[in-house]
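Novice: Sequence:
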Amino acid sequence: MVKAIKRILLLLLLPFGSALAQIPEDVKLTIERYLETLETNADYTQIYEDLVVFTEKPLNLNHVGVDELINFPLITPVQAAAIVSHRRRFGLFLQLAELQVVGMEPEQIRALAPFVNISPGLEDRVKGLSEKLQQGKAEVILTTKRRYPDPKETYNADLMAMSTRLRYTLPGVYSFGITAEKDPGEYWWNRGPDYISAHAAIFNFGAVKSLVAGDYVLSMGQGLVMGSGIGVGKSASVLNIKRSQPMVKAYRGVNEFLFLRGMAATLKIGKKWDFTFALASNGIGARLGDTAGIGGEGFSSVDLDGLHRTGSEIENKNNLRRNLQGYWLQRNGKTGSVGGGVALFSSNIAQMASQDLYRMYNPTGRKQHFYHGWQAHTLGRLHVFSEWAWMAQTRMHAVSAGALVSLGKWAEWSLHLRDYAPGFVSPYTTAFGNSNQNEQGLYMGLKMNFTRKISLSNYCDIARQPWLTFRFYAPSRTQDLLWQLDYAATKKTQLYIRYRYITRSLQNSDAITKSVTTYTTQLLRLNVNAAVTQNSRIELRAEHSFNADGPSAGHSSLLYGEYTTRINPGRWQLVMRYSMFDVSGFYNRLYAYENQLLYDFGTVAFYGKGRSAYILATKPINKRLKAGLRYAWMESINSGDALPTWNRRIFAQLIWRL
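In terms of my numbering, the sequence shown is residues 17 to 674.
Hint data in this document are derived by calculation from the structure and do not stem from the laboratory. Certain hints may be false.
Unchecked claim - With a straight-line cut-off of 30 angstroms between C-alpha atoms, the simulated DSSO-like cross-links for lysine-lysine are:
| no. | residue 1 | residue 2 |
| --- | --- | --- |
| 1 | 507 | 425 |
| 2 | 425 | 508 |
| 3 | 333 | 383 |
Keep in mind it's a predicted model, so treat the numbers as computed, not measured.
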């Protein structure tokens, strides 16, 4: 351990850090599955951490519970229930090939192999604290980004984006980490980096299931009150409607507001009970004002972009202090779990009442208290889950409930109901739906496996907003339907066709009347991913959308081709993509996932007319050092503009793993 600390201190003096081992293709595909339909600025580094952990600490199929299995993206809910049932009836699995008895095909078992095991993990085989500390892995990662041309705004510092990450971990046992980051226009070493995050965490140590000091995230129930980190959303994975993650996790991302800073722990009480407590105090940027003109100071809104470039942004940094005390108790049984607790938020500055009618039910003052309970149970082929929450200050409620059902070997069904009152506003909610406030909805999903190679996924989501929303002077409705046909021609060749139909509300207003009408969007996508040679593969996508009405009526299209190859396998990897797009307006944006450097994932929004391309190159320099370089450019012109806009970005990364 001492040697490892010395190495980390030495690396702190280096001008750059390092690049990890090659990300498995299965992880990339899973990440894309999560991100391809997101239309929000999610914390992609934390998403990567949550997914890639399975490659570092494989899921032990002989010990894991049904909740964790259901949340695992490569195992269906029916297979999860069958695995647990098989263990109870026949004992532990002796080899992965036995998974065929629970309905898995050999191809799926081979895909699972890097992520699961049936033997004890390293943390179970290594005994003694000293030996475990020596088995940890240290890594330092430094990433630098630059965008051209420079923005027109004048900022106080250079326009480089930089981040440094230091970690020493043994998955499932402990994690120690520090992250420092600056955005373009922010200072780097003027009284320290603009953003610093640190944590120290231990897991599965006696009665301690997890203990984190520093920055962490909480996941309780279905995320109505506490749901920091990854949320679940609508996607072609139509059965992915349930949250099920460890209650307390260390935070390793670079998002500057979706985490808690303090201490949290989950303790085992006997064989069936878990007790979790959390204490936190976070500084948040807020816009201050006079409360009702009586001289008291209050805040009207918070800044969630994490940018501190100008004088006013720096002045508002951390001027609001939000505190949390939370206590939860959960009972775990053979068929499921049930739990509940309280989350008590307070702040040093009161939240002001808004003059906007649609915010009439929002909370005011310095306190927000939440009481909630949840359950999740498996009954044969049926898995049911729910969470109920109540906010004391506004006396508003929120309910999230669902079911996952096996309809036989060839079909699975999902159902979700939600009712989020207009005045139910939790600062850390990530519940399922279009919105976490002022929404009632019904979601139904169905997956049918016609053969081993052909499957059809479908969902229908109907939602209404019973109260006014931003720029809407009446209640509104949405309808979202998706069909996707998947065809796995071979192990390395997949094709899917997707059709999506969305009905949204549109505000019509003039000097006399204000009303709400609806407009529809239809999207059609064809995607092919195939191996060309043993060391290269190609992906082709064609996507078209049509808006019948609305602010940007018309047709939109996106075409791209991507080529991935390994040159001298194990030495160089290149990813190249060229895209062409013609999108009728900002409200019709089309989204596509793009490969980027390690810990830097995300989707790109296309609008206007133009073309774009990127090239990503990674190369192991030696067993411990790896370098990466990404260059991207986009040329686009919007309706009404005389000249096109050019954007160029260059990213560089070095990673050193000890």
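Novice: Hints numbered earlier in the text: which of these fail when held up against the supplied structure?
Specialist: Checked against the structure, no hint fails, so every one of them is satisfied.
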